[in-house]
Amino acid sequence: MDQHLQVFIAVAERKNFSRAAEELHMTQPAVSQYIQTLERDIGTRLLERSNKYVRLNQAGEIVYYHAKEIVGLHEKMKLLVDDLTNTASGSLSIGASYTFGEYILPHIIAKMHEKYPLIHPAITIGNSKEIEELVASHQLDVGIIENECRNKKLSSESFAEDAMFVVMSKNHPFSQVRKEIGWRELEEETWIIRENGSGTRGATDALFRLFDCKPKKLMEFGSTQLIKESVEAGLGISLLSQWALRKEFSIGNLQKIQVKGTPFTRQFTIVTQTPFQTKAVQVFLELVREHKDLSNLIK
Numbered sequence: 001m002d003q004h005l006q007v008f009i010a011v012a013e014r015k016n017f018s019r020a021a022e023e024l025h026m027t028q029p030a031v032s033q034y035i036q037t038l039e040r041d042i043g044t045r046l047l048e049r050s051n052k053y054v055r056l057n058q059a060g061e062i063v064y065y066h067a068k069e070i071v072g073l074h075e076k077m078k079l080l081v082d083d084l085t086n087t088a089s090g091s092l093s094i095g096a097s098y099t100f101g102e103y104i105l106p107h108i109i110a111k112m113h114e115k116y117p118l119i120h121p122a123i124t125i126g127n128s129k130e131i132e133e134l135v136a137s138h139q140l141d142v143g144i145i146e147n148e149c150r151n152k153k154l155s156s157e158s159f160a161e162d163a164m165f166v167v168m169s170k171n172h173p174f175s176q177v178r179k180e181i182g183w184r185e186l187e188e189e190t191w192i193i194r195e196n197g198s199g200t201r202g203a204t205d206a207l208f209r210l211f212d213c214k215p216k217k218l219m220e221f222g223s224t225q226l227i228k229e230s231v232e233a234g235l236g237i238s239l240l241s242q243w244a245l246r247k248e249f250s251i252g253n254l255q256k257i258q259v260k261g262t263p264f265t266r267q268f269t270i271v272t273q274t275p276f277q278t279k280a281v282q283v284f285l286e287l288v289r290e291h292k293d294l295s296n297l298i299k
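Residue numbers (UniProt numbering): 1 to 299.
Rather than coming from a laboratory, the hints here were simulated on the basis of the structure.
Treat each hint with caution, since some may be false.
To be verified - As a list, the in silico SDA-like pairs of lysine to any residue whose alpha-carbon atoms are at most 25 Å apart: (1) LYS179 / CYS213; (2) LYS152 / GLU133; (3) LYS217 / GLU195; (4) LYS217 / GLU188; (5) LYS214 / ILE181; (6) LYS78 / ASP2; (7) LYS68 / SER89; (8) LYS214 / THR272; (9) LYS15 / VAL71; (10) LYS214 / LYS279; (11) LYS216 / LYS256; (12) LYS217 / SER230; (13) LYS179 / GLU195; (14) LYS260 / GLY182; (15) LYS247 / LEU105; (16) LYS153 / ILE123; (17) LYS279 / PRO106; (18) LYS129 / THR272; (19) LYS260 / TRP243; (20) LYS78 / ARG49; (21) LYS292 / PHE276; (22) LYS214 / GLU180; (23) LYS247 / VAL177.
In this text the structure is predicted, and so the values were computed from the model without any measurement.
Could you put together the complete structure from these sequences and hints?
In structure tokens, the structure reads:
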């Protein structure tokens with residue numbers, strides 16, 4: 001049945017029997033036979049078919065969601081058994097929220113590749129909520145998020161601290177001020193913030209609550225890079241991680257605003273689903289813990 005689910009997933013994602021058959025190195029009639037057998041086993045049709053498209057119906061959506069989880073668990077089971085006799089190797093699916101994933105994770109992956117070239121990582125970048133959900137549904141082996149884990153089904157471990165600063169353009173009027181700026185003054189500024197579910201957004205909201213700050217204008221963007229570019233262009237101010245700001249600080253395009261409560265600190269957190277871990281996961285987690293002093297990793 002595992003093969004039937006893999007074929008079903010391929011058809012669902014490619015929305016086409018021919019493309020799924022090509023990906024699976026099968027004939028189209030064979031793919032159709034697998035789908036028919038699965039539908040008989042489930043007891044209902046899973047796909048809506050026409051000359052132009054193949055798409056999931058409501059039952060198909062349910063089967064697709066669980067099929068992804070079942071296939072992921074099956075692959076993980078095989079890797080765990082294989083690990084008993086072999087060295088660390090094979091696939092490793094890692095999820096990370098934007099700050100860690102874009103600015104820190106590449107350095108850890110480079111260290112891992114140097115020591116364990118037979119491990120083949122696949123990286124997924126998303127906000128903290130998305131990464132938690134993917135780990136919980138077994139679509140990722142391990143995740144790293146920028147706040148505390150809210151999913152009670154997951155194991156979590158805080159391993160490093162991140163410092164965050166309120167930043168402005170080098171041409172902002174505050175750049176000429178040599179004293180601490182008050183939060184009432186910052187309420188008058190346009191704040192550029194991340195979307196709900198983001199660890200950076202969570203930290204921003206926490207800082208607003210801490211100082212009872214109610215900005216009159218908010219702009220919500222789904223990318224840290226876009227926020228940095230917007231702040232540099234003078235659209236507003238933002239709260240961002242020190243790791244996302246290293247280059248901008250070094251060349252002077254962005255500057256810190258001296259304000260009470262900063263740097264604001266938060267934790268980077270590892271999230272996993274199962275206590276049984278492949279050697280590849282174990283190796284990755286050992287490297288993450290070994291380099292929890294991120295300043296020694298990123299130079």
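Outcome of the hint check:
no.: 1; hint: LYS179 / CYS213; in the structure: holds, 19 Å
no.: 2; hint: LYS152 / GLU133; in the structure: holds, 11 Å
no.: 3; hint: LYS217 / GLU195; in the structure: holds, 15 Å
no.: 4; hint: LYS217 / GLU188; in the structure: holds, 8 Å
no.: 5; hint: LYS214 / ILE181; in the structure: holds, 15 Å
no.: 6; hint: LYS78 / ASP2; in the structure: holds, 13 Å
no.: 7; hint: LYS68 / SER89; in the structure: holds, 22 Å
no.: 8; hint: LYS214 / THR272; in the structure: violated, 36 Å
no.: 9; hint: LYS15 / VAL71; in the structure: holds, 19 Å
no.: 10; hint: LYS214 / LYS279; in the structure: violated, 48 Å
no.: 11; hint: LYS216 / LYS256; in the structure: holds, 21 Å
no.: 12; hint: LYS217 / SER230; in the structure: holds, 15 Å
no.: 13; hint: LYS179 / GLU195; in the structure: violated, 31 Å
no.: 14; hint: LYS260 / GLY182; in the structure: holds, 7 Å
no.: 15; hint: LYS247 / LEU105; in the structure: holds, 17 Å
no.: 16; hint: LYS153 / ILE123; in the structure: holds, 22 Å
no.: 17; hint: LYS279 / PRO106; in the structure: holds, 20 Å
no.: 18; hint: LYS129 / THR272; in the structure: holds, 14 Å
no.: 19; hint: LYS260 / TRP243; in the structure: holds, 21 Å
no.: 20; hint: LYS78 / ARG49; in the structure: violated, 34 Å
no.: 21; hint: LYS292 / PHE276; in the structure: holds, 23 Å
no.: 22; hint: LYS214 / GLU180; in the structure: holds, 19 Å
no.: 23; hint: LYS247 / VAL177; in the structure: holds, 23 Å
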